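Residue numbering for the sequence shown is 1 to 264, as defined by UniProt numbering.
None of these hints come from the bench; they were simulated from the model.
None of these values were measured; they are calculated from a predicted model.
Check before you lean on any hint, since a few could be wrong.
[Stated by the list, open to error] The following label-pair restraints were derived from C-beta to C-beta distances:
| hint | residue 1 | residue 2 | range |
| --- | --- | --- | --- |
| 1 | Arg199 | Ala110 | 28 to 34 Å |
| 2 | Ile246 | Gly192 | 25 to 31 Å |
| 3 | Arg44 | Ile246 | 32 to 38 Å |
| 4 | Arg174 | Pro138 | 20 to 26 Å |
| 5 | Arg178 | Val28 | 21 to 27 Å |
| 6 | Arg235 | Val28 | 36 to 42 Å |
| 7 | Arg83 | Pro170 | 47 to 53 Å |
| 8 | Arg83 | Arg51 | 28 to 34 Å |
| 9 | Arg252 | Asp121 | 27 to 33 Å |
| 10 | Arg264 | Asp18 | 57 to 63 Å |
| 11 | Leu52 | Val175 | 17 to 23 Å |
| 12 | Pro78 | Pro138 | 28 to 34 Å |
Built from N, CA and C at the ideal position, the CB exists for glycine as well.
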Amino acid sequence: MAIDGRAGAAPREAGFDDLVTQAAAAPVQGWDFSWLEGRASEQRPSWGYARLLGQRMAQADTALDVQTGGGEVLASVPRLARRTAAVESWPPNIARAAALLRPRGVAVVAADGDRGLPFADATFDLVVSRHPVATCWPDIARVLRPGGSYLSQQVGPASVAELTEFFLGPQPARVRHRRDPAAARAAARASGLDVVDLRAETLHTEFRDVGAVIYFLRMVIWIVPGFTVDRYRERLVDLHRQIRDIGPFTARATRFLIEARRTR
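Turn these sequences into a full structure, and let the hints guide you.
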């Protein structure tokens, strides 16, 4: 997830019902957070995943984007690998990714990339993934050619935990410590990959109206599992008043970059 929020102004003067209606009607296909412009913002990691992706793609012969979403990130790359494929499992995203990527020669495959990849061994010299739900490290290693690399920006532990706990209360340590970069490194190594880069950052995030929170929770469904406006209406009203009276709701997002290589 990358909230930008550079344009426009947050509609803090709008009433609760209007903000709910706007957020409930906003489309959530793909992985495009442009609806949040002016309403929410998230600091970007310093390493610049899109730039790194473009560099690696320009050097690759065959590449795979795992859990491509609506294909928006892959489509932003100026020069794709000679042969590029993308996998996605959610039907609305598959259609969106196909419309965006197939004109550029990308094969879009319906598959659940966090459980396995429907490709032969040693098919790709580059595999990439931005914010995967889960990483199937054994299959990543299997489909990479010797010398090939996996590059991924992932959500780290306790990301936006302040928002989760506003609705669900304090979370146990085992929940807060999920998606630990050290665990990703261990899993990569256990699958026979050498980790050549691992970086983590904590990033400032803010939501400027309750509609932005509703939209975000509709898109990023694991932050508050089972979220609906009706179920959490009382807390949403409280949040609306807090933002109106005090200012934006702030949270800390965590991200890590991992690059691993198959050496044999």
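Here is how each hint holds up against the structure:
Range check, arginine 199 to alanine 110: about 32 Å between beta-carbon atoms, so the 28 to 34 Å window is met. A hinted range of 25 to 31 Å for the beta carbons of isoleucine 246 and glycine 192 is inconsistent with their spacing of about 51 Å. Between arginine 44 and isoleucine 246, the C-beta spacing of about 26 Å breaks the proposed range 32 to 38 Å. The hint said 20 to 26 Å for the Cβ distance between arginine 174 and proline 138, and at roughly 24 Å that hint holds.
A C-beta distance of roughly 23 Å is found between arginine 178 and valine 28, which places it inside the suggested range of 21 to 27 Å. Evaluation of the 36 to 42 Å hint for arginine 235 and valine 28 yields a failure: the beta carbon distance comes to about 20 Å. For arginine 83 paired with proline 170, a C-beta distance near 48 Å keeps the hint of 47 to 53 Å intact. Taking 28 to 34 Å as the suggested C-beta distance range, the pair arginine 83 and arginine 51 does not conform, at roughly 22 Å.
Range check, arginine 252 to aspartate 121: about 40 Å between beta-carbon atoms, so the 27 to 33 Å window is missed. Arginine 264 and aspartate 18 have their C-beta atoms about 59 Å apart, which keeps the hinted 57 to 63 Å range intact. At about 30 Å, the CB distance of leucine 52 to valine 175 disagrees with the hint of 17 to 23 Å. Taking 28 to 34 Å as the suggested C-beta distance range, the pair proline 78 and proline 138 conforms, at roughly 32 Å.
When the structure is compared with the earlier hints, violations turn up for hints 2, 3, 6, 8, 9, 11 and for no others.
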